[in-house]
Each structure stands twice: as C-alpha cells, then as structure tokens.
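Enquirer: Each chain, written out:
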Amino acid sequence: MRAIERGLTNCPVCHAIVKVPPEGMNEVAYCPRCDSEVHMRKPQAVQKTWAYLIASIVFFIPANILPMMHVVTFAGTESDTIMSGVFYFMETKAYLIAFVIFTASIFVPILKILILIYLLLSVQKGSCMHRKKRKKLYVLTEIIGRWSMVDVYVVGTMVALVHFGGLTEIKAGLGANFFLLVVIMTMLAAMSFDPKLIWDNTKECNAKQ
Amino acid sequence: MERIVRIGEGTVILIHVNMLCSKEMLSLHNQFGRHGVSAAMKPHYYICHECDEISKVSTPHKPGRYKCPRCGTKLYTYKPGMVEKIYAYNLAALFLFIVANYFPFLSFHVAGSSSHANFTTSIFYLYQEEQWMMATAILLTTIVVPLSRILLYCILFGSLYHGYLPRYAAHMLKTLEKLLPWGMLDVLFLGVLVSIVKLVKMGTIIPGTSLWAFMLMVMVMAAAQSIFDPHQIWERIGERKRLERRKAEV
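Residue numbers (my numbering), protein chains in the order written: chain A, 1 to 209; chain B, 210 to 459.
Note that these hints are calculated values from the structure, not bench results. One or more of the hints may lead you astray.
Result set (BS3-like, lysine-lysine): computed pairs, CA atoms no more than 25 Å apart in a straight line [to be verified]:
| no. | chain 1 | residue 1 | chain 2 | residue 2 |
| --- | --- | --- | --- | --- |
| 1 | A | Lys136 | B | Lys265 |
| 2 | A | Lys125 | A | Lys203 |
| 3 | A | Lys93 | B | Lys410 |
| 4 | A | Lys203 | A | Lys93 |
| 5 | B | Lys283 | A | Lys42 |
| 6 | A | Lys203 | A | Lys136 |
| 7 | B | Lys410 | A | Lys132 |
| 8 | A | Lys132 | B | Lys265 |
| 9 | B | Lys450 | A | Lys48 |
So the derived label-pair ranges between C-beta atoms look like this [stated by the list, open to error]:
| no. | chain 1 | residue 1 | chain 2 | residue 2 | range |
| --- | --- | --- | --- | --- | --- |
| 10 | B | Leu300 | A | Leu174 | 38 to 44 Å |
| 11 | B | Thr286 | A | Arg6 | 25 to 31 Å |
| 12 | A | Cys128 | B | Thr282 | 17 to 23 Å |
| 13 | B | Arg451 | A | Leu174 | 51 to 57 Å |
| 14 | A | Asp35 | B | Met411 | 23 to 29 Å |
| 15 | A | Cys128 | B | Asn310 | 49 to 55 Å |
Backbone N, C-alpha and C fix where the C-beta goes; we use that ideal spot for every residue, glycine too.
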C-alpha cells in the first residue's frame with residue numbers, strides 16, 4: 001500500500017505520518033509533531049531540479065576553462081586548470097593523485113549531472129523501467145555530491161601553505177569560484193528532486209503488466 | 210536491556226532501555242505514566258521517504274535495522290545506548306575541535322624559507338586576496354556548520370543523558386538535519402591529504418598537533434553520525450506535544 005493512495009505522507013523532517021488535504025499536489029499541511037510544512041511531494045520538484053541543473057552545467061564550463069590557481073614566483077606567473085593538474089600528475093607518474101583529482105573534480109560532477117538528467121527525463125516520461133535501480137542512483141548522487149568540494153579545499157590548503165611573503169605564492173583563480181558554484185548547484189539540484197516521483201506511476205505500471 | 214516496572218493496581222510494564230538511557234526512561238515514566246512508556250512498544254507505521262510505501266514494524270523496540278520492503282531503504286536503526294555514545298563522541302569532537310584550531314596545522318619548508326598554516330589560515334589569505342565567495346564557503350563548511358552541529362549535539366544529547374527533553378529539542382533536531390550535508394570536514398580531510406601529496410615533492414612538510422586532532426575529529430564525528438537515528442527522540446517530542454494539547458483542552 002502506498003501512502004499517496006490514502007492521502008498520507010511523511011514529514012520531511014521528523015518522518016511523522018501526516019494527512020495532507022487532497023486538493024492538488026501542492027496543498028500544505030503542518031506536521032503535528034515538529035510544525036514543519038508538509039507537502040504531498042516537494043513543490044515544483046522537477047522544475048527546480050532542472051533550474052539548478054542548467055545553472056550547474058553553465059558554471060561547469062568556466063570552471064574547466066579558467067585557471068583554478070595561479071602560482072606566482074619571481075620568474076613569473078603560472079596558471080593551472082583542473083585538466084592541466086591531472087596531466088601534470090600523469091606525467092610525474094603520481095597516478096593515484098591524478099585519479100583522485102580526476103574523479104572528484106571532473107568525473108563526479110559530470111556523473112551527477114547525467115544521473116539527474118536521466119532521472120528527470122524518466123520521471124517526466126512516466127517510465128516504469130528499473131525503478132529500484134533509479135532509486136539507488138538517486139541515493140548515490142546524494143552521497144557523492146559533497147565530495148567534489150575536494151578541489152576547492154585543495155586550492156585553499158595550497159594558498160595557506162605556499163605563502164612565502166611575496167617570493168612564491170599561490171593564489172586562487174576564478175575557476176575555483178565557478179567550481180564551487182557547480183558543487184553547490186548540483187547539491188541543491190539533488191536536494192530539490194523528490195525520489196517518490198519515481199514510484200508515483202506504480203498503478204499504471206502494474207496495470208500494464 | 211529490559212526492565213520490568215510495577216505501578217499501582219498490578220500493572221506491569223516492560224521498559225526498553227536500549228535507545229534512551231535507563232535514568233531517562235524512568236523519568237519519562239514518572240512524567241507521563243504508562244502511556245508515555247508504552248508508546249515505545251506499540252507497532253510503528255513508517256512511510257518510506259524514498260518510495261512512499263507504508264510498512265508496519267511490529268517490534269520497534271528490538272535492536273536492529275529496519276528496511277523498506279519495497280525498495281530496501283533503511284527506515285530506521287535501533288541501536289542500544291545511542292544517547293550515551295553520541296554524547297560521548299561529540300564531547301570528544303568538541304575538545305578536538307578546540308585543539309585543532311589552537312595548535313599549528315601544517316608547516317612547509319622550502320630552501321631555507323618556511324610557512325606555517327593554522328586551521329583557519331586559508332580563510333584569512335583568501336579574504337586578503339578578496340576571494341570572498343571561496344573564503345565564506347570554506348568558513349561555513351569547515352568551521353561554522355561543524356561547530357554548530359557539535360554544539361547542538363552536545364546540548365541536546367547532554368540533556369537527554371541527564372534525563373530531560375529540552376524545550377527546543379524539535380528545533381535542534383530540525384537544524385541538525387538541515388546542516389548535515391553542509392558540514393564537510395571529511396571532504397576537507399581528503400583535500401588536505403591531496404595537497405600534502407602535491408607539495409611533498411617541492412619541500413618538506415611537517416604535520417602539526419592540529420592535523421592529528423583534526424583526523425581524530427573526523428573519525429569521531431563519522432562514528433557519531435553512523436549511529437544517529439532521531440526517531441525515538443521524535444517519538445518523545447510527539448508524546449509531549451500530545452500531552453500538552455490534552456492539558457490545554459482540559
């Protein structure tokens with residue numbers, strides 16, 4: 001038995017069972033236990049997720065083109081983008097580090113964006129395929145999202161450590177700012193998506209079979 | 210751990226003291242009478258927050274993991290001694306947080322010159338470079354959010370441990386839930402490791418006391434988070450609200 005068929009849902013904060021008035025999906029009820037707003041489904045989940053996703057795709061381009069950090073020495077300034085960092089470590093045979101940086105700052109954001117696009121499209125199409133796997137994908141995006149912040153912290157730590165009073169310094173570049181925005185936007189996108197939407201066509205799917 | 214308590218007229222109640230510590234269960238009993246205590250023993254209904262399936266858990270007081278029958282999402286875990294453990298872990302984390310912020314974090318030596326970094330040095334330098342956004346983001350995700358989470362845990366679980374439910378427990382739990390994804394000390398840990406490996410070829414890196422404290426803090430906080438399950442506390446908050454409402458009606 002699914003909760004929506006009985007006009008019930010659970011509070012997003014305390015998981016108490018709440019009855020939501022039936023008129024429309026965006027009707028508000030208040031949780032009797034913790035007083036938070038309760039909707040049948042997160043309001044405008046699909047639209048909001050699309051909006052955050054598009055924003056993150058837009059920010060992802062300058063994040064990869066613009067330099068993450070500038071190494072300032074008396075010989076001149078050198079700029080590093082994400083990919084040039086990965087190539088540098090490949091050349092110096094530090095494969096593990098190259099792998100970590102590549103995974104955290106290129107592979108994970110792209111994977112997250114692709115997974116969310118797939119989830120959104122399949123929900124909008126009302127697909128009945130692989131519902132359990134899709135739910136797992138959603139949980140995955142929620143878990144791995146924060147780990148992309150690694151690159152921002154690497155830049156921060158380098159800025160703090162390589163600071164020899166004007167002789168040699170590392171400065172954060174614009175790319176790092178955009179990268180930060182990508183991480184925040186993808187996290188917000190994952191948060192505003194409602195996994196219950198994946199299962200909402202259960203009746204139709206059962207009828208088809 | 211189970212305890213049998215007798216109250217007048219031959220009523221016998223089985224109290225489960227797994228989740229809440231025994232002192233607290235007894236005070237709950239004194240406050241609310243048998244309804245307050247037996248609430249923990251009734252079968253519970255849960256709605257899965259991933260797939261919307263309603264499921265019945267008939268033994269909510271037995272330690273273990275309960276999963277949604279349709280999609281396998283963890284509905285809730287019931288582990289003995291959660292309150293004591295989380296209180297202890299977070300007191301340790303608070304202590305380690307102070308140590309991590311007070312002592313030197315890392316020093317870096319290259320060809321005679323050296324630079325020293327504290328836990329917060331990167332934020333200062335980023336502000337000096339006018340990288341407002343990055344500095345603020347790092348400040349929030351590594352200092353403000355983790356610290357407020359630790360403090361909230363200490364206050365909430367400290368008072369639960371000493372046998373009473375704080376007035377604003379619902380607000381505290383709500384804030385804890387909201388802040389969860391934005392505290393990124395574990396990610397920072399990976400970031401520090403990566404940058405150490407990046408720099409190790411250029412010069413000598415000397416880890417400070419703060420780095421070890423920071424490592425321990427990340428582990429302790431992960432341990433606390435892994436056993437945290439607020440259902441039992443929400444149950445009590447709900448019980449208190451119901452009683453208050455009943456009193457107001459009378």
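Enquirer: If a hint holds in the structure, say so; if it doesn't, say that too.
Expert: Status of each hint after checking the structure:
no.: 1; hint: A:Lys136 <-> B:Lys265; verdict: holds (23 Å)
no.: 2; hint: A:Lys125 <-> A:Lys203; verdict: holds (15 Å)
no.: 3; hint: A:Lys93 <-> B:Lys410; verdict: holds (12 Å)
no.: 4; hint: A:Lys203 <-> A:Lys93; verdict: violated (55 Å)
no.: 5; hint: B:Lys283 <-> A:Lys42; verdict: holds (20 Å)
no.: 6; hint: A:Lys203 <-> A:Lys136; verdict: holds (21 Å)
no.: 7; hint: B:Lys410 <-> A:Lys132; verdict: violated (47 Å)
no.: 8; hint: A:Lys132 <-> B:Lys265; verdict: holds (20 Å)
no.: 9; hint: B:Lys450 <-> A:Lys48; verdict: violated (34 Å)
no.: 10; hint: B:Leu300 <-> A:Leu174: 38 to 44 Å; verdict: holds (42 Å)
no.: 11; hint: B:Thr286 <-> A:Arg6: 25 to 31 Å; verdict: holds (26 Å)
no.: 12; hint: A:Cys128 <-> B:Thr282: 17 to 23 Å; verdict: holds (19 Å)
no.: 13; hint: B:Arg451 <-> A:Leu174: 51 to 57 Å; verdict: holds (55 Å)
no.: 14; hint: A:Asp35 <-> B:Met411: 23 to 29 Å; verdict: violated (55 Å)
no.: 15; hint: A:Cys128 <-> B:Asn310: 49 to 55 Å; verdict: holds (53 Å)
When held up to the earlier numbered hints, the structure conflicts with 4, 7, 9 and 14 and fits the remainder.
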